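Engineer: These are the residues of each chain, in order.
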Amino acid sequence: MTRTLAAGLALLAVIAGMVACAPLLAAHNPGQQDLLHVLAGPSAAHPLGTDDLGRDIWARLLYAGRADLAIGFAAVAAPFVIGSALGLLAGYFGGWPDAAIMRVLDIVVAFPFYVLVIAVVFALGAGVGSIFIAITAVGWVSYTRIVRGEVLVAKRLGYVQAARAAGLPAWRILLRHLAPNVLSQAVVYAMSDIVLTILAVVTLGYLGLGVQPPAPEWGAMMQAGEPYLSIHPALATAPGVAVVVTGLALSMIGDGLAAGLGI
Amino acid sequence: MRDTTARSAEAVLEIRDLSVTYGGRPPVRAVRGVSLRLARGEALGLVGESGCGKSSLARALAGLEPAEGQVMMNGRPLPHRRTREQARRVQMVFQDPYASLNPRMTAVQTVAEMLRVHRLRPKDQIAERARELLDLAGLPSQVADTRPAALSGGQRQRVAIARALALEPDVLVADEPTTALDVSVQAVILELLAHLRETLGLALLLITHNLAVVSAVCDRAAVMHSGEIVEQAAVPALLASPQHPYTRRLLAAVPRLGPPPG
Amino acid sequence: MAGRLTARYVAGRLAQLAFVVLGVTVATFGLLHLVPGNPARTLLGVHATAGEVAYLSREWGLTRPLPVQYAGYVGRLLHGNLGTSVYYQAPVAGLIGHALPVTLAMLAVGAVFGTAFSVPLALLAATRPGRPADHLVRAVPMAGLGMPPFWIGFILLLVFALTLRVLPAGGYGSTPAAHLESLILPGLTVAAVTTPVLVRSLRLALLEVLGGDFVTAATARGLTRARVLLRHALRNTMVPAVSVLAVNLGYLLGGTVVIENVFGLPGIGRLLLTGILNRDFDIVQSVTLVYALLVVLINLGADLAYAALDPRVVLGR
Ligand SMILES: Nc1ncnc2c1ncn2[C@@H]1O[C@H](COP(=O)(O)OP(=O)(O)OP(=O)(O)O)[C@@H](O)[C@H]1O
Ligand SMILES: [Mg+2]
Numbered sequence: 002m003t004r005t006l007a008a009g010l011a012l013l014a015v016i017a018g019m020v021a022c023a024p025l026l027a028a029h030n031p032g033q034q035d036l037l038h039v040l041a042g043p044s045a046a047h048p049l050g051t052d053d054l055g056r057d058i059w060a061r062l063l064y065a066g067r068a069d070l071a072i073g074f075a076a077v078a079a080p081f082v083i084g085s086a087l088g089l090l091a092g093y094f095g096g097w098p099d100a101a102i103m104r105v106l107d108i109v110v111a112f113p114f115y116v117l118v119i120a121v122v123f124a125l126g127a128g129v130g131s132i133f134i135a136i137t138a139v140g141w142v143s144y145t146r147i148v149r150g151e152v153l154v155a156k157r158l159g160y161v162q163a164a165r166a167a168g169l170p171a172w173r174i175l176l177r178h179l180a181p182n183v184l185s186q187a188v189v190y191a192m193s194d195i196v197l198t199i200l201a202v203v204t205l206g207y208l209g210l211g212v213q214p215p216a217p218e219w220g221a222m223m224q225a226g227e228p229y230l231s232i233h234p235a236l237a238t239a240p241g242v243a244v245v246v247t248g249l250a251l252s253m254i255g256d257g258l259a260a261g262l263g264i
Numbered sequence: 007m008r009d010t011t012a013r014s015a016e017a018v019l020e021i022r023d024l025s026v027t028y029g030g031r032p033p034v035r036a037v038r039g040v041s042l043r044l045a046r047g048e049a050l051g052l053v054g055e056s057g058c059g060k061s062s063l064a065r066a067l068a069g070l071e072p073a074e075g076q077v078m079m080n081g082r083p084l085p086h087r088r089t090r091e092q093a094r095r096v097q098m099v100f101q102d103p104y105a106s107l108n109p110r111m112t113a114v115q116t117v118a119e120m121l122r123v124h125r126l127r128p129k130d131q132i133a134e135r136a137r138e139l140l141d142l143a144g145l146p147s148q149v150a151d152t153r154p155a156a157l158s159g160g161q162r163q164r165v166a167i168a169r170a171l172a173l174e175p176d177v178l179v180a181d182e183p184t185t186a187l188d189v190s191v192q193a194v195i196l197e198l199l200a201h202l203r204e205t206l207g208l209a210l211l212l213i214t215h216n217l218a219v220v221s222a223v224c225d226r227a228a229v230m231h232s233g234e235i236v237e238q239a240a241v242p243a244l245l246a247s248p249q250h251p252y253t254r255r256l257l258a259a260v261p262r263l264g265p266p267p268g
Numbered sequence: 056m057a058g059r060l061t062a063r064y065v066a067g068r069l070a071q072l073a074f075v076v077l078g079v080t081v082a083t084f085g086l087l088h089l090v091p092g093n094p095a096r097t098l099l100g101v102h103a104t105a106g107e108v109a110y111l112s113r114e115w116g117l118t119r120p121l122p123v124q125y126a127g128y129v130g131r132l133l134h135g136n137l138g139t140s141v142y143y144q145a146p147v148a149g150l151i152g153h154a155l156p157v158t159l160a161m162l163a164v165g166a167v168f169g170t171a172f173s174v175p176l177a178l179l180a181a182t183r184p185g186r187p188a189d190h191l192v193r194a195v196p197m198a199g200l201g202m203p204p205f206w207i208g209f210i211l212l213l214v215f216a217l218t219l220r221v222l223p224a225g226g227y228g229s230t231p232a233a234h235l236e237s238l239i240l241p242g243l244t245v246a247a248v249t250t251p252v253l254v255r256s257l258r259l260a261l262l263e264v265l266g267g268d269f270v271t272a273a274t275a276r277g278l279t280r281a282r283v284l285l286r287h288a289l290r291n292t293m294v295p296a297v298s299v300l301a302v303n304l305g306y307l308l309g310g311t312v313v314i315e316n317v318f319g320l321p322g323i324g325r326l327l328l329t330g331i332l333n334r335d336f337d338i339v340q341s342v343t344l345v346y347a348l349l350v351v352l353i354n355l356g357a358d359l360a361y362a363a364l365d366p367r368v369v370l371g372r
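Protein chains in written order, with this note's numbering: chain A, 2 to 264; chain B, 7 to 268; chain C, 56 to 372.
One chain only, chain A, in its complex shape (with noise of 0.2 Å):
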């Protein structure tokens, strides 16, 4: 194990223990307004200040992590999943599944990310469940063109061979030949995409197209606080720094399960 990974999983485990043990943490309700102290300065009570409802930041801070931990991770398993098994069909039938499958991603590829994460959301109505569909519509097309690639090579190695060459029917090759070995490269990138995914939700959340306020999220907190950036920067510089945190935390993760399979 790398230092970089040990490093980001000791980083994301102290996130993850403090937005779980949020309850125990902040001694405020995310949601509870205090009218006569907005826009606080921090305090013994309130350790970040107050936002523009009276509602202590640091518990917002902390629940809203919630949301965007399990959101994120929470999307990617079914770009994952869908992804991976049209790559496995793809590059293991090749001919025209291979081309249909292609043909498709080459359009989903040909919309920015955001602009069609941002429609699909769009479409749908704001909310999480929004959050999902728009994520696996795009999101697919990573995993699909990595598995693809790999199959693509593991597919003329002698121990698939020999499975055809057994008769042994294809969505077993598929499903114990090829899928455990060519689904590394995949979980590997499994991490820097939950990084993506928690930064598009945030985004979302930003543009007023995510969590639905009152609920806190770090993405909604910093549009809340943008207006009062020059007066009360915390509003919106608190959530980003455990944005850039949590993304710091997952990157390292990333890059050093890359660095230890030698990609």
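Source of the hints: derived by calculation from the structure; they are not laboratory data.
Just so it is clear, the structure is predicted and the values come from calculations on it, not from any experiment.
Positions of the beta carbon are idealized from the N, C-alpha and C atoms, including for glycine.
Hints are supplied without guarantee of correctness; some may be wrong.
Said to hold, decoys possible - Taking beta-carbon pairs under 8 Å as the criterion, some of the chain B residues facing chain A (in silico):
(1) A68
(2) P72
(3) G75
(4) Q76
(5) F100
(6) L107
(7) V123
(8) L173
Following the hints, complete the assembly by docking chains B and C with the ligands onto the known chain A.
Structural biologist: For chains B and C with the ligands alone, coordinates are given in the frame of chain A:
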């Protein structure tokens, strides 16, 4: 096991006018109208220089490559798309033992999978049979439950041979099974193949570019050149009086190899 | 300059382009039908009366079979009709026509800054592999990729516009000089998004080239090390760097949507977001289409240039 007494003189495998063409620009005709017969229990050597189409022919026989022409197994056509039962008639051992085993499966699992999918044994006897086959292939029983990464090249090739034998094929195609192995192990693996052929009555198609290997293991040999069989004969005859100029050149390249004694 | 740029290659690439563009229009057409509810209501916005909705449904044949509607959509596009904004009460084509140059200008400024940052960083790292400088530079992509683009914009805004007050906080100004001034911070943000990707690939490519024979040969011919680095190594690195950018174009371009929003730049990204806020469907649909066309065309350009500049020609002496 199989009935190996009947029809032992008949052709177990007969291919007629087999051609393999790879698509591309321009298309490569790797095998051009090859006809061969393989009798039950016979060992046929297939020799020829690199790129002459030996592996392509082998892959077509194993149903891994679409081919024109006919493959007859025990008098019945064996198509490119095979039923599970048809598929197990021809099994292959590949050149590179480092790529021929699934890295995630132990030796026993690799062999047992074949038995299970083909329902060759009742469920509760599969593991025992797999160990028996590995033993037959000379794999030390201590390593039967290890994954390929922990096995030597020779040991891996033994697992690959056991995997092929598990399906009780009529024909075993070994595509340069020793080329990637340490010299000290090559002879042992060849002996194993020769031994299995005798005891199991397997027909063996042994592909090599080494005439010494052919003379040690095979009854007959076919010489391939640019996708065609240019000569085939019993091994002693071929070595003593090669007819085709290409065979003569091939022989001249191995000066130490005289006609075998006796 | 022979390269692979044959008529056959160009024809094949154009055929692929035509197919992708067709697929892209199918996707943007489908967007309307992804929206739950009556498509006419979607098109007209929430303030339309029931009569207007019924009129549009009839007029646009929104009750006809989808293939017929799609054909109508493509027909409209071919006449340059990108729809009408309900909010601005103006043709979308005109709105995009005004906004697109702003976005392109921001990208150009970003590309200049991005190159200015990435090249020295990559050189620094690649000439000292394994040393502290290398480690530091390699940390750049890791840190940079973990930041949302708009966050970098926030920081720049906070420092240069709100604290130091040396640059405008937003808008686009009205004179060319003001335009340029307004583009500095957005351009820096774009550069901050591109630099991690660029540094990573430039560094790897440089390492490969520096280990290659011809650099050794050039040094042997008596060229100074600096000259070799700049004239040969770097030149040979631009091809892979540009293709990496092209591959990541979709991600990078998408990031600009949010950047325009942070700085209030009136580009197509901002147009897209105001379209979303106002539920102005035609704007969303057509801007999405324009973004895709932008990606497709830039990729085509990169591919053709790559084919024309046979890497070996550049990689040679
Ligand atoms: N999948 C393929 N696609 C296209 N051409 C191929 C393919 N496999 C083999 N060929 C070509 O077919 C010809 C015969 O190849 P083949 O592997 O059958 O030769 P070989 O006699 O086994 O050679 P070697 O001794 O090197 O293993 C060669 O020219 C090779 O380049
Ligand atoms: Mg071969």
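Engineer: For every hint, state whether the structure bears it out.
Structural biologist: Hints, verified against the model:
Because the smallest distance between the Cβ of A68/B and any Cβ of chain A comes to about 4 Å, under 8 Å, the interface hint for this residue holds. The interface hint given for P72/B is broken, as the beta carbon of that residue sits about 12 Å from the closest beta carbon of chain A, more than 8 Å. Evaluation of the G75/B hint against chain A yields a violated restraint, the C-beta minimum of about 19 Å exceeding 8 Å. Because the beta carbon of Q76/B sits about 19 Å from the nearest beta carbon in chain A, more than 8 Å, this interface hint is broken.
The criterion of a C-beta within 8 Å of any C-beta in chain A is met by F100/B, whose closest approach is roughly 4 Å, and the hint holds. For L107/B, the interface hint holds, since its Cβ comes within 8 Å of a Cβ in chain A; the closest pair sits about 5 Å apart. Given the 8 Å rule on beta carbons, the hint for V123/B holds: about 6 Å separates it from the nearest Cβ of chain A. Because the beta carbon of L173/B sits about 6 Å from the nearest beta carbon in chain A, less than 8 Å, this interface hint is met.
Consistency with the previously given hints fails for numbers 2, 3 and 4, ordered from lowest to highest.
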